[in-house]
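Heads up: the sequence lines are chains X and A, in that order. 1 is the number of the first residue of the first sequence in the working numbering; add one for each residue after it. 1 is the number of the first residue of the second sequence in the working numbering; add one for each residue after it.
Hints were generated in silico from the structure; no laboratory data involved. Predicted, not measured: the structure shown is a model, and the values here were computed from it. Glycine residues also receive a C-beta, built at the ideal position from the N, C-alpha and C atoms. There's no promise every hint is true.
Result set (DSSO-like, lysine-lysine): computed pairs, CA atoms no more than 27 Å apart in a straight line [said to hold, decoys possible]:
id	chain 1	residue 1	chain 2	residue 2
1	X	LYS375	X	LYS389
2	X	LYS375	X	LYS414
3	X	LYS536	X	LYS159
4	X	LYS536	X	LYS608
5	X	LYS375	A	LYS88
6	A	LYS88	X	LYS389
7	X	LYS389	X	LYS272
8	X	LYS589	X	LYS434
9	A	LYS88	X	LYS272
10	X	LYS434	X	LYS592
11	X	LYS536	X	LYS434
12	A	LYS194	X	LYS272
Label-pair restraints from in silico Cβ distances [stated by the list, open to error]:
id	chain 1	residue 1	chain 2	residue 2	range
13	A	GLU191	X	ALA537	50 to 56 Å
14	X	ALA537	A	PRO100	55 to 61 Å
15	X	ALA579	A	PRO55	18 to 24 Å
16	X	SER268	A	ASP174	33 to 39 Å
17	X	VAL125	A	GLN137	45 to 51 Å
18	X	ARG388	A	GLU191	33 to 39 Å
19	A	GLN137	X	ASP542	53 to 59 Å
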Amino acid sequence: MLRLHWQVFLFLVMFLPGQCRAAAGLEVLPEFLRPDPFGGIVAPDRSGADLRSSLYDARHRVALTGARGGYVSFHLLVKSPAPGPYTLEVAIIDPAHQVQTDLFREWFHFTESDQRYYPDALIPVRTPYSSRLPAPDNQIPQQTVQAFWVDVYIPADAKPGTLFGKAKLQTGAKAVVLPLQLVILESLIPAEDVVTVDHNSYGSSWLAGQFGDSYRRDPSRWFESDQFFGLIHAYHRIFYEHRGIFHQLGYGHSGKVGPEFAPVLTGSGRGKHIVNWDLFDRHYGPLFDGRAFSGTRRGPRPIPFVYLPINPEWPASYEFWGEPGYEAEFVNVVSEMERHFREEGWTHTNLEVFFNHKKRYMGFPWDGDEVRFPKDLNYFLEYGRLLRKALPPDSPVHFVFRADVSWDMEQQFKLLKGIVNVWCCGGGILSFYKDAPKILRERGDIVWYYGGPPSVTETSSAITELPFRAWLWGVNGFVHWLTVSPGEDPWFHFDGGGTALVYPGERFGLTEPIPSVRLKIQRNCLQDLAMIDSFKARRPLDSLRREVARGYNNSAPDDWWNPRPALADVPSDQWLSSAIDEATQHTEKVLKHPDASAWYNVQQYALKLAREAK
Amino acid sequence: MKIVYRVVLSFALAAAGNAQVHAQAAEPMQKELDDIARVGSVMVDGDVCQRVVTPRALQYMFATDPRDPWIAGDNYDVDDASFNAVKKTLTRLSHLATFPVDVNLWMPIEGHPDKIHIVVRNKNEMSQFWTWGALYQDMFPPMETVLKTGKRLTVTSKPGWISVLAPIYNSLGDIVGLIEAVSRVQTDAHENVK
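Bound conformation, chain X alone (with noise of 0.2 Å):
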């Protein structure tokens, strides 16, 4: 009887969780690890719980390590079991003053489709922060745990060496320390990445609807106020600030061009010109020459892409399509935009001729996204023609020709060479065709493929797949295809996220967006992929690659490969979408889905080898 009770309590201290042992306390789990509000890991991460421990070493202290020029993440969970009212404090200390330690609170979201609470909203917070358990707006019976995500900040220029902190929780008069160290490796994470994460979006009317309590003070203005501009530039500063950038096209489907995304035209024929530059500049002009960035960590810099406002209705009527007005009309005023933005300096950013519209929305006969019918292409080599009549050739000014190509790629690569010069492909697809992504970029093509972002439901890790996937196919880059549309109640009845990777923060009274877990895991990814990829000058890019996907979910480079099915040589028109996905099927099997510590290991292997550079 005795014996049975001993084991029962060491079934107790082993296996309940810390709140149910003490008070109040405070524990670390890794950023792969996301909490649930009741001290558990969330379902989708808890194939890697064996992590839990991974930041603590032998003596119960949080101990990290990072390169100079990027971030070291961890979730820090403030246990309550009992309801009450905390001050935490977070702190590593740094004498130089360089090192920044960045505060979050998770906000756990309620998702409809499964019933469950996951973190992702990041409410920046300073320390040190006092609240109370259960989260007052959070709203969440029962709550135990309030999630924080910590981003400790080690610029380029920190010294090398150890520093040392602690998180500090108050409850009433008890207080917990828990020790934090960090050891600061001299190798430094390149400030360029290797893979652009692109994080698109449409128009700017969904901004009204998300800064409501902005916009409502003066909507017959607002879109032209400097809270409008100030608004978006936030946008483009928040994404670049986790390494990536924006994009936001500005005209629909039908060529209405939204006012703040194109220079004012008036008259008609030879006669069409440019009369008004003002919005166009305070939207682009910071953007443009970097000042939007300024006080960032990254620093100023102008933009690196955006889409012009060019469609089939702008700038030249479609009225005129075929004759000499229409030629005339696109002509002149593509004209007056490359002399604009040569006058201006605005010669760093590579400006997309880029066509988003389908026929099948009826407002024009031709597909410019995802061409499916051959004939469409004529209506390209057609622009290309009138990019090359309106555009000087030795112009410094970077005008490209974007296209979104999915079934035609392959005869796209070849009949639009030298005409379309930056290709945004469809994965499946791309999946076919291993050679093509070297072919296009050694004639100088920029290419990158897209999908969109993973919702909350899926691993932690499955956020990192797509720029990984990019960064071992050797292109230049992948684009999520909506990231700012969060659904209609992001905070208690959630969709997932999967259009989403920030929030507006206007319901905490900020007038940004605001970051996700999401978001800051991706970054660091990317930190992650810069820093392995800048170690091929030491190995073989090829060796980096194969020691990343093993380590990822214990594949080889070339699993990430479908054959080109024989689907390929058939006439684009004539396939089936059913073909396409029983094409792609090798790498469906033969992949394994990364589990939540996929990216562990890989940031394991990258500071493995930033050790060995020392």
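Chain X is already provided as a structure; the job is to place chain A on it using the hints.
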């Protein structure tokens, strides 16, 4: 209570005022839209309209496949010469107005008398009837009336919107579709930029 009463009263007065402004603005707009529809009924070539949507697109328009949810849209295709000819005419018709107007082409679908589909849309993407992304929709009673009677019809179902529907004819004298000349009393510069 008194404050609540005043707030309610001021909202009611403002709403009534807006409605009056809308009504005042709508009257001349309706006249201009009716003129456009009348002219369009003569100018739009019904034979060319009948050649816009390809047989393949019509064949797949109602197709469903559980393994391919986009089968209808992915097979949507048009004869671009016919499309361009019709669109140019519709665009020029819209220039007759002194305010932003779209003139859309709607056509019935052979073998599906209870359905109708939009075939050509224009720059401002205005319509009182189109559900964004729909390849076809249930027949709207006012459209059915126009197709059956050949009479122009004004529709103001959505507050602040005016559409005038008018028939179009082919060379046999058959009514083969209709145009929707449409505008809004208050336009929104950011709407449909997406």
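A quick look at each hint next to the structure:
Pair hint LYS375/X plus LYS389/X holds up; C-alpha atoms about 23 Å apart against a cutoff of 27 Å. Simply put, LYS375/X and LYS414/X have alpha-carbon atoms about 15 Å apart, close enough for the 27 Å limit, and the pair holds. For the hint pairing LYS536/X with LYS159/X, the CA-to-CA distance comes to about 25 Å; that is within 27 Å, so the pair holds. With a CA separation close to 14 Å, the supplied pair LYS536/X and LYS608/X stays within the 27 Å bound.
Note on LYS375/X and LYS88/A: the hinted pairing holds, with a Cα-Cα distance of about 21 Å set against a maximum of 27 Å. At most 27 Å may separate the alpha-carbon atoms for a hinted pair to count; LYS88/A and LYS389/X meet this at roughly 25 Å. Between LYS389/X and LYS272/X the alpha-carbon distance is near 16 Å, which keeps this suggested pair within the 27 Å criterion. Of the pairs offered as hints, the one joining LYS589/X and LYS434/X holds, with about 18 Å between alpha carbons and a cut-off of 27 Å not exceeded.
Restraint check for LYS88/A and LYS272/X: satisfied, since their Cα atoms lie roughly 18 Å apart, inside the 27 Å limit. Distance restraint check for LYS434/X and LYS592/X: the Cα-Cα separation of roughly 20 Å lies within the 27 Å cut-off, and the hinted pair is therefore satisfied. Among the hinted pairs, LYS536/X with LYS434/X is consistent with the structure: their alpha-carbon atoms are about 21 Å apart, no more than 27 Å. A distance of roughly 25 Å separates the Cα atoms of LYS194/A and LYS272/X; the hinted pair therefore holds under the 27 Å criterion.
Distance hint check for GLU191/A and ALA537/X: the Cβ-Cβ separation is about 53 Å, which falls inside the suggested range of 50 to 56 Å. Taken as a hint, the range 55 to 61 Å holds for the pair ALA537/X and PRO100/A, whose Cβ atoms sit roughly 59 Å apart. The hinted range of 18 to 24 Å is satisfied by ALA579/X and PRO55/A, whose Cβ atoms lie roughly 22 Å apart. Separation of SER268/X from ASP174/A is about 36 Å and conforms to the stated range, judged on CB atoms against 33 to 39 Å.
Under the hint 45 to 51 Å, the C-beta atoms of VAL125/X and GLN137/A, about 49 Å apart, fit the expected range. A hinted range of 33 to 39 Å holds for the C-beta pair ARG388/X and GLU191/A, which are about 35 Å apart. Judged by the Cβ atoms, the range 53 to 59 Å given for GLN137/A and ASP542/X holds: they are separated by roughly 54 Å.
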